[in-house]
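Asker: If you want the building blocks of each chain, they are given just below.
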Amino acid sequence: MKIIANNDQNTLASGQKVIEIQNHVDPRTVDLVGVDRIDLHFPKFTDGRAYSQAFLLRRRLGFKGEIRATGDVLIDQLVQMQRSGFDSAVLRAGVDASAAQRQFERFSAFYQGDAVTPAPRFAREAA
Amino acid sequence: MYQYTDFDTRFVKLRAAQHRDQLERWQAGQLSDDEFRPLRLQNGWYVQRYAPMLRVAVPYGELSSAQVRVLATIARDYDRPDPALLAEAQAIQDRISPVPAPRLTAGYAHFTTRQNVQFNWIPLDRSADVMDLLASVHLHGIQTSGNCIRNITSDERAGIAVDEVADPRPFAEILRQWSTLHPEFAFLPRKFKIAITGATEDRAATAWHDVGLHLIRSDGEATHGVAAGELGFKVLVGGGMGRTPVIASTIREFLPWHQIMNYLEAVVRVYNRWGRRDNMYKARIKILVKAEGQRYIDEVEAEYRDILERDGAPHTISQAELDRVTASFVPPTLGQRAGVSAEQADRQLRQAIDADPLFSRWVARNVAPHQNPALRTVTLSFKRPGQAPGDATADQLDVAADLADRYSAGEVRVNHDQNLVLPWVAAADLHALYTAARAAAFASPNVHLLTDMIACPGGDYCALANARSIPVAAAITERYQDLDELDDLGEIDLHISGCINSCGHHHSGHIGILGVDKDGKEWYQVTLGGSDGSDLGGPALAGKVVGPSFSAAEVPDVIEAILNTYRNLRQNMDGRHETFITTLRRVRHEAFKAAANGARHAPLHSHAEA
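These protein sequences, in sequence, are chains P and R.
When we follow the working numbering, the leftmost residue of the first sequence carries the number 1, and every step to the right adds one.
When we follow the working numbering, the leftmost residue of the second sequence carries the number 1001, and every step to the right adds one.
Everything labelled a hint here was simulated from the structure, so no lab data went into it.
Heads up, some of the hints might be wrong.
What the hints assert, rightly or not - Subject to a maximum C-alpha distance of 25 Å in a straight line, what follows is the list of computed DMTMM-like cross-link-like pairs (lysine to aspartate or glutamate):
| hint | chain 1 | residue 1 | chain 2 | residue 2 |
| --- | --- | --- | --- | --- |
| 1 | R | LYS1193 | P | ASP76 |
| 2 | R | LYS1013 | P | GLU20 |
| 3 | P | LYS44 | R | ASP1021 |
| 4 | P | LYS2 | R | GLU1035 |
As the list claims (entries may be wrong) - Derived contacts from chain P toward chain R, CB cut-off under 8 Å, selection only:
| hint | residue |
| --- | --- |
| 5 | ASP47 |
| 6 | ARG59 |
| 7 | PHE63 |
| 8 | GLY65 |
| 9 | ARG83 |
| 10 | SER84 |
| 11 | ALA100 |
| 12 | PRO120 |
Only a predicted model underlies this, so the values are computations on that prediction, with no experimental measurement involved.
Glycine included, C-beta positions come from ideal geometry on N, C-alpha and C.
The whole structure should be built from the sequences, with the hints applied where relevant.
Answerer: This is the structure in structure tokens:
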């Protein structure tokens, strides 16, 4: 997961095609051809619609480009963002990133499958 | 009981460590109050009227005696407010009360209607130590609050009920694991509660939940799509209480058991997309299901098909996994009572019943049959004068743990009525258990009677409450202490909530009492005719308000007037009185409403209508 400080976010590689999908839009209705990066927005960190959008993009639609979290992005949601299919996140202005890395190191595994590891733990154990 | 694996054990400990990390960052100013709040809530830490409240998750209500002892330790050592805080809180309570307010108490635990356990006075800076202590016996507060999938509740008699189709506990455990730290569903529009039953009678109020699951057997290919006798779920969605009481709708008549996680993923994903986020009073799934009806169901079914066909149905439960989890729930091996045959035990029990009228009354009320004919299900009543419904002190918890060890294979269950159930009691031990329970004041023979009421902590503790519940519960309890009178009134559900959030389930009470605030004063609405869905009250239903709200002093008289009306109007059926709810349904509400309104102390025009 690429964690981007707020003031670094406009480092757009030239020629990249970037789109933003609004929270109320079903990603399955969006033309993804040629898209390199999709930005999904968190208007408040307690508004969880973008998690489902990321899941659908990554898992259902097989989108291979970058999915970026923007808006009210805080340290304690980064792990679930990553599990839902995000691979970069722009931290909200003023958020101290120093506590971020240890959140990824805390849990070695989770019970249920997700966008990155589709099978639940019991199925992985059995395999 | 479920046997925690090394992974489960480590997981809960890591969660406790994560809470400590978050607490320390908040204390260091790295997390703002607003940022810390949803994090602590998802571990069960609220901040209430005077102090933090911790809600500990009790998956489907099952506790080991070791877990009960840790809860006792927490009550004894951590549920300890600073004396100045307690004095200040008491002074405020005294000011709002026209009569001397009840003493606020500390050092105890409270059983909730969703089978959880709450503490009211633990300082937040000790929360991380409490989480470590809980984790030492696999307990935690994961998802006991916040807009996520909450602790999954079940039938208090799961795995022992005589009317059981299949044991719901393995599925409750599988769903507990699935919902725990689910990455996609941690910030839903609103809280999300699942209840599951495997019995014919619904003792889990499933129709009042966001999702209610009923284990059933297929009627056959034609109706249910699989061979007759196959196990599956009937799926109900969109029930809830609050200011808009809604009974859940059946959206699936039959779902094969192994698909339950894939199906619920669709149910929750569609809700996460469409549930309202602009108004928290309209954010529960019940509003979405009500507004969209078939469109919601169609979208869930389409999403479910995609999960099966396009995602490859990753959360299909394998037979091996069901078997692994089910193996944790084999009935405990109980030591044979030396030299006592089943016939002898039965004969001794009958003799004890004949010899001791109080024991006989307790057996009739607090003891239920069991799948194993040599065993019984026993309810320890936490409804008695002098303590709030569902409250247990540290010492009482220790005694309950001892009783569980001695008489119930070390297991107790928190039930939906805020009592404790001992699920594995030998019939031969009933009298000894009764004697011990009586000494500990757990033996009120009042299960399902008027004084076995449900009540939330209300305005004595809760920041949301509009009015206090505990003094109302106490006043009614004190008025109805005559056991013959209670028996004569028969089975009746009295439910008391201190506000419209309905933690005391007033909507589902045969008699419901709801605290409301009017001009800064406490008033109470009374409702009649609700049902939680159990056999006693019939299909789940919300009660109807009898009229403008009453003052606290009027409430016990209103209840008495309603009960007197029942006694005057009830009929005998087969030599027994019909129940309160049967009379109410037969004669309709008018006579009861008139009696209730006639019990006002002051004419209505002098009251503010609330």
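Asker: Each hint should be assessed against the structure and marked as holding or not.
Answerer: Verification of the hints:
1. R:LYS1193 - P:ASP76: OK: LYS1193 (chain R) and ASP76 (chain P) at ~24 Å, within 25 Å.
2. R:LYS1013 - P:GLU20: Status violated; Cα separation ~39 Å.
3. P:LYS44 - R:ASP1021: holds, 22 Å
4. P:LYS2 - R:GLU1035: Holds, because 22 Å separates the two Cα atoms, which is no more than 25 Å.
5. ASP47: holds, 6 Å
6. ARG59: holds, 6 Å
7. PHE63: Violated, because the Cβ-Cβ distance from PHE63 (chain P) to chain R comes to roughly 14 Å (cut-off 8 Å).
8. GLY65: At about 19 Å, which exceeds the 8 Å cut-off, the nearest Cβ of chain R leaves the hint on GLY65 (chain P) violated.
9. ARG83: holds, 4 Å
10. SER84: holds, 5 Å
11. ALA100: violated, 11 Å
12. PRO120: Check passed: Cβ of PRO120 (chain P) comes within 6 Å of chain R, closer than 8 Å.
Checked against the numbered hints listed earlier, the structure breaks hints 2, 7, 8 and 11; every other hint is satisfied.
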